[in-house]
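Assemble the whole structure, with the sequences as input and the hints as a guide.
Protein sequences, first through last, are from chains R and D. Each step along the first sequence adds one to the number in this note's numbering, with nothing skipped, and position 154 is 154. Numbers given in this note's numbering equal positions in the second sequence, counted from 1, plus 1000.
Only true hints are included.
With a straight-line Cα cutoff of 30 Å, these simulated BS3-like cross-link-like pairs (lysine-lysine) come out:
#, chain 1, residue 1, chain 2, residue 2
1, R, Lys26, D, Lys1007
2, D, Lys1038, R, Lys26
3, R, Lys8, D, Lys1007
4, R, Lys8, R, Lys26
5, R, Lys8, D, Lys1038
6, D, Lys1007, D, Lys1038
Hint data in this document are derived by calculation from the structure and do not stem from the laboratory.
Each chain, written out:
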Amino acid sequence: MRSFAYVKAADVEEAVRAVAADPGAKFLGGGTNLVDLMREGIERPDTVVDVTGLPFDTVDELPDGGLRIGALVRNSALAADRRVRTRYPMLSQALLSGASAQLRNMATVGGNLLQRTRCPYFYDAASACNKREPGSGCDALDGFNRSCAILGVSESCIATHPSDMCVALAALDAVVEVRGVDGVRRVPLTDFHRLPGDTPEIETTLAAGELVTAVELPPLPVAANSRYRKVRDRASYAFALVSVAAALEVRDGMVTQARLALGGVAPKPWRAREAERVLQGGPADEAAFRRAAEAELAGATGRQGNAFKAGLARATIVATLRELSTGEAR
Amino acid sequence: MTEIRMKVNGDVEALDVEPRVSLLDALRERLGLMGPKKGCDQGACGACTVLADGMRINSCLALAVQYDGSEITTIEGVTHPLQEAFVRHDGFQCGYCTSGQICSAIGMLAEHEAGMPSAVADASPLTEAEVRERMSGNLCRCGAYNGIVDAIMDVAGKDGR
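Written as structure tokens, this is what we have:
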């Protein structure tokens, strides 16, 4: 690993100033992604500012009935939080479906938001990758692209965002609080990550030096009946081929509220607003669930290795909604 | 160089390390603790699992400087019924993953005891399916999984879980 300077941040202003002033500086949380990328030579910071000593490691009640999750709360602690498990079960399930117990004990909420794609061409320095080396091309387009995205892609990049947690946060209307040299800004989770376009190396709407300090969940009664369902190549400890975060409220056979987001199919956590529109106010039956899934996947652009994801995503959406409508979800 | 102090297996150790040194390398190369293994060095195999302040972590993805002031337990500091249970149930073949498996299992049993849910179930009891899910971060390329699960179930049962 390349040599770098290490700074343990004692307060948030100092941390933000240090990274804003130095283009070669990066924030460090649990290290589960950044340390790996530094070892591979993909991330090459001159200075690493360790923020894990900052006091953002609690989950607190908000006056409106929502929850405020500190950016340094570990993934395992958030998954175990009784309030999360009761009010937003899909979030706990999403966290528990990701990585391994060891990694969840290390990884922070802020770091999870900022983790980078696991596209094999991004990791392989001998391959062309516009995200790693802008302008070099994309070997995934005609390569081994089984894991790659089918929605929101461009000719520059078809990599997926790897997070499970963020898919649930997208469905839950979460808001990200970020701190920069000019103060605090609040960004809806669905606007936090960017689609690749022709600049896939720019993955978020964060400005230089901005630090994620918290994620806020609004009160959302429908989320008590929610589920995160993940389909992958093995039963545990693998990234999603397709995942669905869904919350559903049904009254007298009709859908009164629906929240839906997809993982494993797009370069960002994919809020499925088309599907929600189709579901809203309609019957809570199999045919309607299928219409919603078809509407969301209508614009899918699969390639030779990942075209199967459209059908898999449709089937997973329908199965998840069926589970929620019949009260089978735990 | 940064000076760090850690309590490793009960002994206070002071080390000067470069920031890029992983906790795994500090334990193996500086303190001579060869129990934690460098399997993949990328957080995929679990052979480097140690306990940091009682929590199981992958020491290969941990920078040693981040664990200044922590209490670290490696297999060399462990005396636990799991060790005999792994022998009794053939919970290994080549043995390379075993130190990580046992450190991970100790952390796992403590997590379960504390009420940590898993992707399989929300609560007790600790079933075989639960053990497999909760231990999925530790790979065994010899495929001794059945013995590993039996060993853990044996010890978990005796603890009255």
